[in-house]
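K.L.:
So the chains spell out like this:
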Amino acid sequence: MVLTVFEAASQLEKKGLLVRAKYDQSEKIISHLNDLMGQNVPDDLADFYRARIQKVNFFRALVPSWNPYVGWTMPQDEIELLKPHDAMPLFYDGCGSIYGLDLTPGLSTPSVYLFDHESADGGPTHAAGSSLARFLLLLAIQERAFEEGWPVRWELQIDPDLGSCSRAPPHWAVD
Amino acid sequence: MSRRIRDLAESNASSASAIAGFQNYYRPPPDDSPAFQKAKANFKRGTDELAFQNRWMAAPVLAAAALPLATESAGLFAARGVAKAVEPVLVAPEAGTLVDEVVVVGRRAPLRFSKSWIWELARNRWHRANGVRASELDAQVHHSDPLEWAHLKPNADPNRLANLWALPKEGHQIANRAWAAFRRELNGRTPTQAELMRAKLDIDRLVESCVVRCVGARSNAANEQK
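As they're listed, the protein sequences go chains A and B. Quick note: the first sequence uses this note's numbering, first residue 1, plus one each step. Quick note: the second sequence uses this note's numbering, first residue 176, plus one each step.
Calculated directly from the structure, the hints in this document are not laboratory data. Everything hinted at is true.
Output of the computed footprint for chain A on chain B, the stretches with three or more beta carbons under 8 Å from beta carbons of chain A: (1) 309–321; (2) 344–352.
Computed, partial: chain A to chain B, Cβ under 8 Å: (3) 58; (4) 59; (5) 77; (6) 92; (7) 93; (8) 94; (9) 95; (10) 96; (11) 116; (12) 117; (13) 118; (14) 120; (15) 146; (16) 171.
Think of the CB as a built atom: it goes at the ideal place given N, C-alpha and C, for glycine as much as any other residue.
From just these sequences and the hints, can you work out the full model?
P.N.:
The structure is reproduced here in structure tokens:
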């Protein structure tokens, strides 16, 4: 079943795990990023901005914002960090590593990967979601899974395709 | 009734007269009499001297009581030693096991851990210690000793509270860049413990002004200052 970012966001919002931004700047953000990257942002990423996602559980989204007085406030460092690896930053993991969406051209459903801040090459360390929508569900619930001691590979219940991400395996296959 | 009283009773016609005769026979001196006090003090001195002279007699009695205690203490010390020998180190739960089933291995075993699991634990531990999440303070939990080389300190828990610093994004990036420079200098080599410690102290000094502190945090440092 294909889950869209909007569906995932509304599911999380109903559970009180998602906070939306007050103002919708999505079209401005999308066109700015298109100019900046020289290519169209993937549909999932555009939906992510259109859904005005500001916070999922305790994870604050890395979203550019426009202010008419000061201009663009960009997660510039994070964008620069992931640019060589064809990825767009989405969230911090809370310990300095970044969840980024794969921007490899030609992908219909890009996956989300974790980029370890301690890694020597800075590339994707492990897959965090086979799609952006599934990733949002996993991100929102991972704290609870840890605290309640859910079985390893619990992620497969929500994202069965997590093991088939092309650039990196899931965390249990890496660690 | 003592033999003497019985004798007196037998020798007298009635028991009443026998008791009266006994009262006449012995009358204890009053407590406040100087003679009695003196006798009492002399008696105490005498008993103390005897106790001191015969103190060696207590040794076998005390030894009998102390033996089980000594055995128990030795056992406790041994158990402590064993506990130290199998000091828990963080080991990632294997696939198919429960997340809360942390494998405990001996101190000589190599440190194996799941980074994502340790990060999760770090955030959780910082939250519990400070009563607020680092993300709510717009901060990230930084490992002062990087996890990358945590295996160089196998007896140290990488998520000990002293190793968890809350840094704002900018502060964390400064630390990350400094560690990246250190890593480049190593040129693929594993650092020694001394090199690692020197770099850690330098980088800690670099970012210590950025540390996000939580007002009312329950930390040892706060208690020590009091």
